[in-house]
Structure formats: C-alpha cells, structure tokens
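Participant: The task is simple: from the sequences and hints, build the whole structure.
There are 2 protein chains.
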Amino acid sequence: MSDLDLKELREWLHECGTVAKSFFNHVKGTRKSDRSWVTEADVQVERILSERLARRYPSYGILGEEQARSGTNREFVWALDPIDGTAGFVAGLPIWGISLGLLRNGRPHAGLLYFPMMEDWYWAEPGGPALFNGTALAVAATGEWDSEDWLSVPANTHRRFDIDFVGKIRSLGSTAASICYAARGSAIGSLFVSASIWDVAAALAVLQASGGVAETLSGAPFDCTVLLDGSQQREPALAGAPWHVAALRERIHIRRWDRQRESSSAHP
Amino acid sequence: MSDLDLKELREWLHECGTVAKSFFNHVKGTRKSDRSWVTEADVQVERILSERLARRYPSYGILGEEQARSGTNREFVWALDPIDGTAGFVAGLPIWGISLGLLRNGRPHAGLLYFPMMEDWYWAEPGGPALFNGTALAVAATGEWDSEDWLSVPANTHRRFDIDFVGKIRSLGSTAASICYAARGSAIGSLFVSASIWDVAAALAVLQASGGVAETLSGAPFDCTVLLDGSQQREPALAGAPWHVAALRERIHIRRWDRQRESSSAHP
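Protein chains in written order, with our numbering: chain A, 313 to 580; chain B, 313 to 580.
Derived from the structure by calculation, the hints contain no laboratory data. Some hints here could point you the wrong way.
Pairs of lysine to aspartate or glutamate residues, derived as EDC-like cross-links and limited to a Cα-Cα distance of at most 20 Å, are as follows [stated by the list, open to error]:
#1 333/A with 352/A
#2 333/A with 458/B
#3 333/B with 431/A
#4 344/B with 458/A
#5 344/A with 461/B
#6 340/A with 458/B
#7 344/A with 431/B
#8 344/B with 461/A
#9 340/B with 460/A
Now the stretches of chain B that chain A is said to cover, found in silico as 3 or more residues with beta-carbon under 8 Å [stated by the list, open to error]:
#10 458-469
#11 492-502
#12 510-524
Computed list of chain A residues with no C-beta within reach of chain B, every gap over 10 Å [what the hints assert, rightly or not]:
#13 331
#14 363
#15 378
#16 527
#17 535
#18 559
Bear in mind that the values here come from a model prediction, so they are computed numbers and not experimental data. Where is the CB? At the ideal position from N, CA and C, for every residue including glycine.
Facilitator: Written as structure tokens, this is what we have:
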C-alpha cells in the first residue's frame with residue numbers, strides 16, 4: 313500500500329499555490345509545441361513538487377505535465393499537473409489548481425487537488441470517502457434534470473458536439489476542476505476531451521471515491537493505463553454519477569466532421 | 313455631475329464581499345418566482361448597501377435586484393446587483409461579484425465592481441480611463457482570431473445559438489464579469505441575454521471607458537433606458553471592441569425555434 317503523508321503534501325501544495333497566485337493577473341503565457349499554454353508559474357510549481365516528491369517517495373515514478381518523467385512503469389507513479397487550467401490562469405479566470413494524483417499500476421489510487429483562488433481542497437485515498445474541504449462527497453442523486461442543473465464541457469464544444477440538455481452548460485477551463493464539481497454533485501456531469509493522465513488522475517480518484525464513474529461516449533470505462541506514455545485520451549468521455557452519465561450519453565452527439573476525425577484517428 | 317466618494321464605496325463593497333464570502337460553499341439557494349436564485353447573502357448585501365447609499369446620496373434613486381426600488385426617474389439612479397452570478401455562487405463556482413452602477417438619465421455613467429474570490433476590482437467614471445485593479449483597461453486589439461481567443465456566452469447557448477467561432481467559448485455565470493473580461497481585452501467579446509439593468513449598468517460603464525461597445529445582434533446600440541422599469545433585455549447583445557463585435561455578429565445565429573420566440577415576444 314502507498315504510505316502518504318497527507319499533512320506534508322497539503323503544506324507543499326499550499327506553498328505552491330501561493331507561488332502560483334503571485335503570478336495571477338501578472339503573467340504572460342507562452343505556447344508549447346502543441347499550442348497549449350505554459351507560464352513561469354507552471355514551471356516553478358512543477359520543479360518544486362517534483363523535486364520534493366522524488367526525495368520523499370524515492371520508489372515512486374513521476375509523470376508531470378511540464379518536464380518530469382521517471383519510473384513510469386513502477387507500481388506507484390505520481391501524475392502531476394502543476395497548474396490545471398493554464399489558459400484560464402493566463403486569461404485571469406479563477407478556476408485553476410494543482411492536481412496531484414497517485415496511480416497504482418496505472419490506475420487512479422489517490423488524489424489531492426488544491427484550487428487556490430477558492431481555497432478549495434479535494435482528497436481521496438483508498439478506503440476513505442472523498443473529501444471536499446474536510447466534508448465527505450457524493451455525486452448527484454438521481455432525479456429529473458431542470459433548467460438549473462448544469463454540465464461542464466470543453467471550450468470547443470460549439471464546434472465538436474450537439475448537446476440536447478435542458479440545463480446549463482459551462483466550460484470551467486480546468487478538466488480536473490470539472491470532474492471535481494461532478495464528484496461533489498454540484499454539476500450533474502463533466503464531458504472531457506483530449507485529457508492527459510496528469511489532468512485527470514487525481515480528480516478520477518476523487519470521483520471514484522464519491523460514487524462516480526468515467527466512461528467514454530461509446531460506453532467503455534475510461535482507461536488511464538493507455539495514457540501512461542503521455543498521450544492524450546482519444547475518445548470524449550463523461551464523468552459523474554452512473555445514472556447521469558448513462559442518460560447524458562444519449563444526449564451528446566459528436567458532429568459529423570468531428571466524427572470523421574475521431575474515426576480516422578482511431579484507425580490511423 | 314455626480315459626486316462619488318470612491319474610497320468609501322470601495323470600503324462598503326469590500327465589507328459586503330466579506331459577508332458574501334462567509335456564505336460561499338455554505339449556502340442553499342432558493343428560487344424566486346422567475347425561477348432565478350436568491351440566497352441570504354444577496355439579501356444581506358443589498359440591505360447593507362441600499363441603506364448606506366440612500367443615506368449618503370439622498371437625491372439619487374435606486375434599483376436593486378432583490379428589493380430596493382425608489383426614485384427611478386431621477387437624474388442619478390444606482391443600479392445594484394448584490395451578487396451577480398448567484399447560480400454559480402450556489403454551485404460553488406468562483407465568478408460572482410457585487411456590481412454597483414450609477415445611471416445618469418438612464419444611461420451608464422459610472423461603475424464599481426468587486427469580485428471577492430479573485431480580489432478583482434473594476435472602476436469607471438466619466439472622463440477617466442476604466443481601471444482594473446488600478447491599471448487602465450482597453451478592449452482587445454484588432455487581429456485574426458485563433459484557437460486560444462475566447463468569447464463568453466450564456467449557459468443556455470447550446471439551445472439558443474449556433475456559433476461559428478474558431479476559438480474557445482466559456483460561460484462564466486456572471487453577465488457583469490463577462491462584460492468586464494471583454495472590457496479588459498481578455499475575452500474578445502461577451503454575448504449576453506435576458507439581462508436586467510442591475511446586471512449590466514456598472515459593467516457597461518467600464519466597457520465604454522475601455523473603448524468597447526454593446527450592440528444587439530441586429531446591430532442597434534444596447535439601450536439601458538428601456539430596462540429602467542426592471543424588465544429584461546429582449547434581444548441578445550454583444551459587448552466588446554467595435555471591430556470584434558461587428559465580426560462576431562456575423563457568426564452568431566439564433567436557432568429557429570428561438571427566433572420564433574424572439575419575434576413573438578417582440579410583437580406581443
């Protein structure tokens with residue numbers, strides 16, 4: 313079993329959140345080769361955390377968004393996103409946070425997430441309930457949707473999906489946060505695309521411990537093990553309570569041009 | 313001319329922001345007769361501010377979201393939204409704030425907005441530049457859009473609009489914040505619907521002073537004077553730099569069922 317010092321991990325994330333906050337509204341992002349954003353804050357936070365994790369947990373591997381890659385075939389591997397939601401961070405939007413997941417044999421095992429602008433914390437480990445700011449979480453109960461229920465979606469949804477949904481649709485800018493809002497039953501679900509393992513590892517541990525599931529739009533369980541090479545998810549997926557995920561799947565349709573792209577990338 | 317004590321107004325909004333924050337993540341909303349949300353935080357903030365404004369500015373009218381209505385035909389009228397973004401506030405989302413606009417003869421004259429979770433302040437008065445946390449603002453420059461440019465939209469956009477846009481689309485949950493992000497050039501524009509005068513008065517003063525415009529989708533200037541009776545805007549509108557607003561208008565289309573509803577409400 314993993315042997316995590318939660319108190320110490322929280323102190324590290326809090327310290328790094330303060331570093332990141334000092335850049336908020338004062339940072340210019342630059343584009344990486346995949347055109348996604350990176351800032352000095354991402355780089356600093358990943359450096360601090362990856363060094364400390366390697367020292368304190370020498371037998372664990374690590375997979376970080378910005379640079380860190382070592383021992384990714386070990387039993388326990390950290391999946392670290394120093395700032396999930398960098399584009400929003402650069403835009404001055406508040407939903408971004410530090411996502412630290414622990415994989416065991418490639419599957420979400422434990423997760424700690426910290427969203428500095430809200431001072432929100434999520435934590436899950438095997439055997440315990442998922443915790444949000446110290447309180448146990450659960451996904452949204454069954455029940456008919458109404459106009460105030462909400463679903464989180466990617467920011468390119470207007471091009472990729474047709475969604476037949478009576479409620480609100482929001483794009484939060486952070487995949488990790490989106491899944492956490494579904495885990496706590498605030499959102500009825502989260503549609504996510506193109507995620508890497510560091511975007512989702514921690515949040516999926518929280519989701520699981522809250523009674524939620526993650527499944528692709530075609531109904532297969534979301535598989536983290538295929539993302540251990542640093543690649544992005546291929547098929548769009550939904551996170552949330554099993555009943556809401558099943559019902560949402562019927563109401564979300566990939567647009568035709570995009571379906572062509574999906575199928576050509578599935579059969580290269 | 314109006315004679316505002318900015319220092320005092322900021323103190324009042326800061327104090328009320330602290331009141332509202334104490335409810336964040338600890339509040340249950342209730343639905344008003346129009347099915348929109350209200351919480352104890354909205355009610356307390358409006359009570360505090362409307363009492364102080366009435367005492368300090370006795371010749372001004374006031375139009376508040378929750379209760380306050382007096383002297384709305386005077387030269388100067390406050391338009392107060394104690395919490396713009398209440399649904400997001402109830403959902404645990406961070407983009408909500410206090411919006412205090414001052415109308416002169418029904419038109420946006422000055423505005424002060426405070427978003428407590430980010431500690432973000434916006435301020436505009438006639439003759440000055442709009443200020444964001446003390447720095448002068450300007451709307452986004454001309455230029456071709458790319459995949460990282462973003463547009464803010466209402467949370468029911470998936471039902472009401474088809475949008476042909478290469479960039480990202482986000483729904484922030486606060487009309488006032490959306491217009492402010494366009495005023496500061498973070499978003500290239502903001503599409504907004506069903507706004508009441510208290511949602512937009514302050515943000516439109518900021519937008520104006522940043523070089524931005526607000527126009528309906530059919531190209532008419534957005535008219536606040538028709539909202540003085542507390543009614544909601546009829547036609548969807550865009551806020552942003554004039555060049556982006558003009559280009560966006562061509563790319564946003566009201567869906568057919570909704571166009572029918574629009575035209576029947578326009579000709580009752």
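Participant: With reference to the structure, classify each hint as holding or not holding.
Facilitator: Structure-based check of all given hints:
no.	hint	in the structure
1	333/A with 352/A	holds, 12 Å
2	333/A with 458/B	violated, 27 Å
3	333/B with 431/A	holds, 11 Å
4	344/B with 458/A	holds, 15 Å
5	344/A with 461/B	holds, 16 Å
6	340/A with 458/B	holds, 17 Å
7	344/A with 431/B	violated, 30 Å
8	344/B with 461/A	holds, 16 Å
9	340/B with 460/A	holds, 14 Å
10	458-469	holds (count 6)
11	492-502	holds (count 4)
12	510-524	violated (count 0)
13	331	holds, 17 Å
14	363	holds, 30 Å
15	378	holds, 18 Å
16	527	holds, 21 Å
17	535	holds, 27 Å
18	559	holds, 16 Å
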